[in-house]
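Asks: Here is how the chains run, residue by residue.
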Amino acid sequence: MRRRVAITGMGVIAPGGVGAKEFWTLLTEGRTATRRISFFDPSPFRSQVAAEVDFDPVAAGLTPAEVARMDRAAQFAVVATREAVADSGIELSERDPARVGVTVGTAVGATMGLEREYRTVSDDGQRYLVDHERAVPHLYQYLVPSSFAVDVAHAVGAEGPATVVSTGCTSGLDSVGYAVELIRERSADIMIAGSTDAPISPITLACFDAIKATTPRNDDAEHASRPFDISRDGFVLGEGAAMFVLEDLDHARRRDAHIYAEIAGFGSRCNAFHMTGLRPDGREMAEAIRVALAEAGLAGDDVDYINAHGSGTKQNDRHETAAFKRSLGGNAYRCPVSSIKSMVGHSLGAIGSIEIAASALAIEHDVVPPTANLHRPDPECDLDYVPLTARPWRTDTVLTVGSGFGGFQSAMVLTRPGRS
Amino acid sequence: MSTAVVTGIGVAAPNGLGTGHYWAATLGAHSGIRPVSRFDASGYPARLAGEVPGFVAQEHLPSRLLPQTDHLTRLTLYAARAALDDAGINPGDLAEYEMGVVTASSAGGFEFGQRELQNLWSKGSRYVSAYQSFAWFYAVNTGQISIRHGMRGPSGVLVSDQAGGLDAVAQARRQIRRGSGLIVSGAVDGSICPWGWVAQLASGRLSDSDDPRRAYLPFDADARGHVPGEGGAILIVEDAEVASRRRARVYGELAGYAATFDPRPDTGREPGLRRAIELALADAGARPAEVDVVFADAAAVPELDRQEAAAITAVFGPSGVPVTAPKTMTGRLYSGAAPLDLAAALLCMRDGLIPPTTNVTPDPGYRLDLVTGEPRPAQVRTALVLARGEGGFNSAVVLRHAI
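Here the protein sequences come in this chain order: A and B.
Okay, so the first sequence: first residue is 1 according to this note's numbering, each after it adds one.
Okay, so the second sequence: first residue is 1 according to this note's numbering, each after it adds one.
Note that these hints are calculated values from the structure, not bench results.
Computed from a predicted model, the values in this text were never measured in an experiment.
Ideal Cβ placement from N, Cα and C applies to all residues, glycine included.
Be a bit skeptical, because a hint or two may be false.
If you want the footprint, here are the derived chain B segments under chain A, 3+ residues with CB under 8 Å [what the hints assert, rightly or not]:
1) 43-53
2) 91-105
3) 196-210
4) 239-249
5) 313-326
6) 383-393
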């Protein structure tokens with residue numbers, strides 16, 4: 001019989017708060033965590049807004065040596081992992097470590113650590129032949145971001161399959177989708193899975209500036225992320241992580257675990273169109289949604305809530321609106337759709353897992369988080385995007401989607417655990 | 001469950017561009033390891049590399065792709081096209097959602113990234129390329145292959161340092177089992193630019209030798225680290241029935257796979273490689289005695305060589321199976337290394353010749369039957385390919401001869 005996979009623990013680090021509880025409070029209050037960038041002087045950049053996490057790694061439980069060695073994204077992943085494991089109530093030291101695996105998604109890896117060290121060894125770009133004698137010993141761990149999976153595996157003592165999944169902005173969905181597959185095929189019984197990114201650095205700003213993907217709404221940072229609104233003009237860069245304890249549903253029930261949700265279906269497709277562009281018809285995302293629903297054994301009408309990618313770029317919001325109509329038919333107009341990026345920004349590879357957390361919490365609490373800053377919907381975005389305020393809503397089945405550079409389109413279906 | 005087979009191979013290797021050149025060089029013990037030519041490495045503690053020779057991007061890519069691609073993406077697109085041609089596939093003839101792309105990466109398009117970091121910090125943010133947002137990131141090669149060949153099926157990118165190349169091919173097998181007809185998989189990798197070089201030096205695993213014949217000596221008493229290289233292989237993985245219907249030539253079957261992670265170093269427990277080998281054999285339904293050759297990870301770091309030799313002898317017995325490491329002729333290609341070893345193993349099955357481990361005098365203490373000197377004639381029906389990644393990744397793939 002095919003195994004079913006449950007989320008039994010969750011750890012979240014998102015702008016506006018460290019911990020799943022703070023995260024959900026922010027979302028349901030409809031507050032935004034976007035602000036003028038404080039990590040460095042953003043004034044040379046076109047877009048000067050981001051959703052930053054106020055994160056004190058030592059207070060969060062890391063040693064000074066770990067803080068010195070690990071990139072910020074790795075720190076997020078380890079801290080979120082510890083929260084998830086504690087939340088799950090599972091005693092991993094009593095489990096066979098060979099049956100515990102790890103997947104960590106990331107889009108841009110240790111980009112902050114790499115840029116910092118590049119500045120040192122190159123004298124701020126003055127040297128092409130950079131100076132190896134000024135390189136830190138852990139630079140290789142920044143070069144190859146599979147080090148994130150190493151740090152997480154060491155944090156929990158996992159010895160099963162471990163890897164990093166890096167498919168740009170769908171990494172957070174794809175990492176969890178990959179972990180689900182490993183449990184189903186019995187390569188592992190428990191997976192520590194999720195994603196992380198900490199991309200708020202000058203090089204990331206510059207590359208999104210160059211293609212005008214991020215918002216220039218610098219004088220109104222708090223309201224800069226405006227998915228589905230007619231005035232939207234680009235996404236707001238974010239950072240964070242979400243990590244989960246995933247386990248075989250029967251196993252979770254036997255140990256009487258708290259089950260947030262079942263991951264019932266996953267699908268991923270490529271648009272084979274353009275590295276950054278989207279065709280307006282949403283065709284491949286619709287196909288990914290169709291596959292995810294089919295795997296869950298559900299129909300478009302069964303979806304109670306759509307957690308949208310909703311990045312707030314002109315092209316994305318139309319693209320996915322079209323994809324929802326294409327895949328869900330009439331239910332696309334009936335079921336609430338919202339984008340939490342309006343509040344926590346777009347943390348690239350991390351956001352997919354953060355949105356899985358929001359989706360699971362929507363099921364847990366029967367509340368749908370809102371789309372903040374949505375005052376005047378784009379006429380081409382004509383669905384129910386839950387503007388401004390959270391909505392009490394019976395939520396048994398959630399569809400969450402992601403779309404990213406490289407053409408990746410992913411969709412995941414989460415269901416209330418009682419559902420058979 | 002459907003069977004996944006390899007029907008096409010595309011190679012970009014330091015000792016040969018193209019599968020034919022690579023394989024002839026490998027059987028002839030011709031190495032591609034030379035002094036670094038792409039930048040002046042004379043001031044660094046490592047000065048040798050395996051660089052892919054004779055690659056002129058303009059001959060293989062449309063001009064519009066040149067400004068938006070790193071060197072390694074160009075090599076990847078070359079290898080992907082070569083693999084499709086080798087398989088006799090015209091992607092336009094197949095259903096778009098039936099075809100996917102799963103590659104591995106380690107550092108993305110790092111040379112492109114260095115140039116743009118330099119533009120940013122020496123000149124200013126307005127000088128950063130509009131292509132930087134996707135030219136350097138880890139997903140670039142999968143995305144570009146997918147776009148170039150119109151492949152819209154399930155796709156992915158895995159990063160597990162040097163082990164990732166096997167993880168990607170195993171994920172291709174999963175997608176075939178779940179219903180895809182064809183997955184383009186494998187990896188072409190490398191970061192031969194000053195910034196990538198300095199980051200690789202930090203691993204402490206690069207050889208400081210200037211003698212291409214003495215620099216990379218796995219399982220030798222004189223092992224002193226490895227020579228880094230660039231390149232790898234792209235493989236076409238197909239559903240066996242689909243391949244058979246179109247009368248495709250089949251190199252071999254992806255019969256078994258497993259991945260494990262080492263215990264934390266402070267536990268003092270046995271590394272996970274032996275377990276990966278045993279699980280991969282079990283997955284293939286193969287007994288150790290059926291394995292005709294092992295392609296080793298071959299770190300050339302004494303402690304890692306000892307671990308690998310111990311895992312191989314624990315499963316196969318002392319000198320119980322021929323072991324080889326043709327990567328002594330290419331250097332270590334990061335995530336590209338293991339797909340290239342898969343290609344070599346499949347060609348070794350086809351030709352009945354095990355390629356040699358060059359320049360190495362095996363340390364008898366490892367108790368390995370290392371194939372050195374000349375290629376060894378052997379009927380190879382089952383091959384095991386091993387790959388390990390820094391930090392504790394172990395992956396193993398079992399290939400079986402096409403019936």
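Asks: Hint by hint, say whether it matches the structure.
Replies: Now the hints, each set against the structure:
With 3 residues having a Cβ less than 8 Å from any Cβ of chain A, the segment 43-53 of chain B passes the three-residue criterion, so the hint holds. Here the segment 91-105 of chain B counts 5 residues with a CB under 8 Å from a CB of chain A, which clears the bar of 3, and the coverage holds. Check result for the segment 196-210 of chain B against chain A: holds, 9 residues qualifying (beta carbon to beta carbon below 8 Å, three or more required). Counting residues of the segment 239-249 of chain B whose C-beta sits closer than 8 Å to any C-beta of chain A gives 0, which falls short of three, so the coverage hint is violated.
Residues of the segment 313-326 of chain B lying with their CB closer than 8 Å to a CB of chain A number 0, which falls below the three-residue condition for coverage. Counting residues of the segment 383-393 of chain B whose beta carbon lies closer than 8 Å to any beta carbon of chain A gives 5, which meets the minimum of three for the stated coverage.
When held up to the earlier numbered hints, the structure conflicts with 4, 5 and fits the remainder.
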